[in-house]
Every structure is written in structure tokens, then in C-alpha cells.
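Asker: One-letter residues, chain by chain:
Protein chains: 2
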Amino acid sequence: MIISIVGIGLLGGSFALSLREKYPNIKFVGVDTSVVNQKIALAKGIVDEIVSLDEALQISELNVLATPVDAINKLLPYMLDRIPDDRTIMDLGSTKELICRLADLHPKRSQFVAVHPMAGTENSGPGAAFKELLPNKNVIICDKEKSSPDSLVLVETFLRDAGMKIHYMTPVEHDLHLAYVSHLSHISSFALGLTVLDKEQDEKAIFDMASTGFSSTVRLAKSSPQMWAPIFDQNKINVSKALGDYIELLKKFKDAIDNKDLETSLNFMNRANDIGRILAGIEKK
Amino acid sequence: MIISIVGIGLLGGSFALSLREKYPNIKFVGVDTSVVNQKIALAKGIVDEIVSLDEALQISELNVLATPVDAINKLLPYMLDRIPDDRTIMDLGSTKELICRLADLHPKRSQFVAVHPMAGTENSGPGAAFKELLPNKNVIICDKEKSSPDSLVLVETFLRDAGMKIHYMTPVEHDLHLAYVSHLSHISSFALGLTVLDKEQDEKAIFDMASTGFSSTVRLAKSSPQMWAPIFDQNKINVSKALGDYIELLKKFKDAIDNKDLETSLNFMNRANDIGRILAGIEKK
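Just so you know, the protein sequences line up as chains C and S, in that order. All letters in the first sequence, in the order written, are residues 1 to 285 by the UniProt record's numbering. All letters in the second sequence, in the order written, are residues 1 to 285 by the UniProt record's numbering.
No wet-lab data here; the hints were simulated from the structure. In this text the structure is predicted, and so the values were computed from the model without any measurement. Keep in mind that the hints are not guaranteed to be accurate.
Copies of the same chain look alike in the list, so a pair counts if it fits in one copy or across any two.
[Unchecked claim] Under the rule of at most 25 angstroms between Cα atoms (straight-line distance), these lysine-lysine pairs were calculated in the DSS-like manner:
1) K204 x K251
2) K199 x K44
3) K199 x K251
4) K39 x K22
5) K236 x K199
6) K165 x K22
7) K27 x K44
8) K108 x K146
9) K144 x K260
10) K137 x K22
11) K108 x K199
12) K204 x K137
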């Protein structure tokens, strides 16, 4: 069997790496517009060969579409147009509504499985891929009833063998929740990094005074703009709402501080503390 | 020699633990209003004995004032009033301007050293203390010229032997920088946790969809409200300004998303990426 990774970055690369030991007889081929990424992916043993997209479509049982979401929107119709019968495409995009809506318009919709692994780091590219990224993480499949039973079995088998726990939901639910539990935290982190950089022209002050708390809060600000700009755009309505909610809360917090209203400050923080109970669950996973 | 820890929590407890091996002949005594904290501190070997504050002042060469900052403001004048000559008080508070201003009013100012270690976790209390917290971290001493040479030598010796790197600045500089590189990231994290909790009444969605990126960004939301409310209050003007800057940036980001202005979004994120270079420096420390 051949699996193609289209866009050999953190997620696509880690997916291949997490399957290679369990599936010694699968050949992984890679498609990437970046020559340096091709070289890194070969050198790291993520894929055995680099091929063209058209060739990948002809030879692969499963095509893993792991590019940024704007490229997924362009590539998915192109790939569905050309894919032979009984073969499968899965994507790994962070937004699902627009992608699924595009897929729904296509006569070969049933050969597509919409997937999003709840895993990532602030790093990107095949050099950032590692086989421990996906195991023990959750993965969402959207609109599973629109995929053919065979395509679904193939994808679910590989996701489970990559060590992931599968959940199902609609693309609308997915994008709404993701705006709050993922997209918003990236924006808060980008903005925090930028606020500090704008203020602290003297980098030494940041070096000397930032603690590990700052590092962990601002870590996501290192994430790839090219990957995230299209995600925020495709999930614009939900992200804008989440960001609006966040700004409102921050304003209330600021008012409480300005007015020396310690009771409201304490109440805010006490309620926020409850996230600890939930984090304990996430970290145990 | 006897050292007293007044307020045996994460910082005070970790300070004692980081010195005990190197100073086998120092007796550590603890002062704490919480009986359970007294018991935990004794059981963990942070202190050898619990004493009253007045007793601590009579017997200790160095008194480490490690309570929340509102309590520091009340205790510092009381302690300076009663401290014998040639003995020393150091505080470990996260704000310095108000505390130093109070100290400046006191005739025994020179027996006080204003200290702030750039270290912490989201956990609090003596149970959270650990001897690896302070080594290799930075520590700030404010207004060192106002402390007597002997008090300064005593404090610097222990800070260095706890493995810390000492920096010097004025209380005004300290509080301004801290608003950006520490206090703001706590507020952004508290507000993020609360925004998600307010929206996601269904906790399962958070469990299933949050990734490690969310956990790290929201980790500080577990921090102690009783500790942080007085910090934000004491550093009100700087924190309010930092929070205002942050809200402005978030609004611009939201406008860019609403207007599908990808160029501005990309520009924001590319600039924020520069924090990566600085984080690399912090994590290497």
C-alpha cells in the first residue's frame, strides 16, 4: 500500500512517523512545493520518495492533505476531480466548515474524510515532525456519514494505530468549539508577544525579568503566520465572536483594577481557577 | 544562624529548601497564620520550628517576608519597628514601588533589602515549594544603595547560593517592566480561561478539543487570586496601561479578521514571531 503526504509539515510528517513502525509494508510518498522540505522529509525518513501531486493521486490508497487550510481549499476539489475510484483523501485542517462545504459540492464526496487531530506545537515544517506528537491525543472526524464506509474504515484504522482517540461531530460544532479552545489562545498569545515587544524596546529587560510563566503563555506566538492567517479567515465569524468575548472580559478586568474593585477582580480569578480542574483532565490524557 | 520565613508558601518555602543543603548549620523557623501550612512546612522539612512573628524577629539574623504583597505592606513597618539592630529583613514581593516607598519612610530602612525572584509556578502554598524553583533564575534587587552594606552582603550571599543571578534596578523600573512581562500574561491567561469556561458550558468539548497549546496558554489561570489581586492593585497604573495596550492590539487584530485584511493579520503575527528569539534566550538560562 502507498500513502501520500501532501504538504509534509508538522502534522503530516508526524502522522507518517507514527505509522511507519506498525506498518513496515506501507510506502510513504511525499508531495511538497518546497524543495528544502522535500529534502528534510527524505533525510528524516518521513517519506520514501517525492512525487508530483498527479502521480501521488494515481498510486496512493490514501492521500493525506496536510497543507495550510487555504491550500486545502484549492487542492481538495482538484484532487477529488482526479482521484481514482475506491481511493481516499483525508485532510488534517484546523477548520472544517468551509472545507466540508466544498467537499459536499463534489460528486466524489464519499471518498473524502474530514479529520482534525487536536495536536500541534508552535513549530512547523518537516523538521518539527516527531512520532510522539499524535499518540494519546484526540482527533475529530466531521460528517462521518458522508464518507464511504471503506474510506472511513481506512482512515479510522490509521488514526487509531497512530494512537489517537476518535470523536465525531459536525463541522459547525467543530469550528465553534475550536474558535474558543484553540484559535483564541493563539491570538491571545500572538497579541501578548507583540504587546511586550512593542513596549520593551530594550530586550535585556525581557531576558532578565521574564519567568517561565511568561514563556509558557507566549509560546504560541512563535506559530506560523502562514498557517494561522487562513485559519482565522476561514473561521472568521466564530473567531471574531470569541475574540470579542475575550476583549469584553479584559475590559471588565481593567475596569475592576482601575476602580480598585478587588471583589470583582477576585471573583474573576476565582471563576477562572476552575480551568485547573479541566486542565488536570487534559494533562492526564 | 537562624533565618525566619514569614509566610511559608511557594517562594519562601523554595528559598529555604534551596539553601538547606549548603547551610547545614542554619536553623529555619517559620511564621504562618495558617495552621495547615505550618504542619505542611514542618512535615516537608522547610522549617525546623514554628514561632510567632515577634519571636522570629528576636532570634533571626534574616527575616524573609514572603507573604502576598498586601500583607507585606502591613507587616514590613511592624517588623522594622521591632527588629534589633544589625538584623535584616528581605521581602520577595512581585511589586516593589509601594513597598520601597513604605520602607523609605522608616528610620530602619537600611536593614531592609527589596528582592523579587523571577520565578514561580501556578501553584501556591508550602506544598508547592521545591528546591529546584530558584536555581538558574534571575532575581532583582531594588534600591540596593538604600540597604546597609552588611544587610546587602547577607542577602546577596544567600541569593547566589540559592543559584540565582542578581540584577539591580529601581522600584519604578521594576514595576513597569513587570507589568508587561509578568502581570499582563497572568491577566491574559485568567481572562482566556474564563472566556472558554463561560462559553463551553459543556466541559466535554473542552476535554475533547483542547490541545497542549491551550493548556500552556491557560496554565497561569490556575494562579492564586488572593496573591494576584493585591499585585494588580499595587501596580495598578502600569498594569492598566499594559492591559490597555494589549486590548488595543487585540481590537486591531479583530478588525483585520473581520475585514479579511490578511496582510495586516500576517504582519501582526510575523512581528509577534520575533518573541521566539527572546524565548530561546530565556529557556537557555
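Asker: Please go over all the hints and tell whether each is borne out by the structure.
Answerer: So, going through the hints one by one against the coordinates:
For the homomeric pair K204 and K251, neither the shortest alpha-carbon distance inside one copy (30 angstroms) nor that between copies (28 angstroms) is at most 25 angstroms. Taking the closest pair of Cα atoms, K199 and K44 never come within 25 angstroms of each other, the shortest separation being 40 angstroms inside a single copy and 42 angstroms across copies. Within a single copy, K199 and K251 get their C-alpha atoms as close as 20 angstroms, and across copies as close as 17 angstroms, so both meet the 25 angstroms cut-off. For the homomeric pair K39 and K22, the shortest alpha-carbon distance inside one copy (24 angstroms) is at most 25 angstroms, but the shortest distance between copies (52 angstroms) is not.
Taking the shortest alpha-carbon separations for K236 and K199, only the inter-copy value of 17 angstroms comes in at or below 25 angstroms, while the best intra-copy value is 29 angstroms. Taking the shortest alpha-carbon separations for K165 and K22, only the intra-copy value of 17 angstroms comes in at or below 25 angstroms, while the best inter-copy value is 48 angstroms. Proximity of K27 to K44 under the C-alpha cut-off of 25 angstroms is restricted to the intra-copy arrangement: shortest distance 15 angstroms within a copy versus 56 angstroms between copies. Taking the closest pair of Cα atoms, K108 and K146 come within 25 angstroms of each other only inside a single copy of the chain (10 angstroms); across copies the shortest separation is 78 angstroms, beyond that limit.
Neither within a single protomer nor between protomers do K144 and K260 lie at most 25 angstroms apart by alpha-carbon distance, with minima of 52 angstroms and 30 angstroms respectively. In this assembly of identical chains, the alpha carbons of K137 and K22 lie at most 25 angstroms apart only when taken from the same copy (18 angstroms versus 43 angstroms across copies). Taking identical chains as interchangeable, the C-alpha atoms of K108 and K199 are never at most 25 angstroms apart, the minima being 52 angstroms within one chain and 36 angstroms between chains. In the homo-oligomer, the alpha carbons of K204 and K137 lie at most 25 angstroms apart only across protomers (14 angstroms), although the nearest pairing inside one protomer, at 38 angstroms, exceeds that limit.
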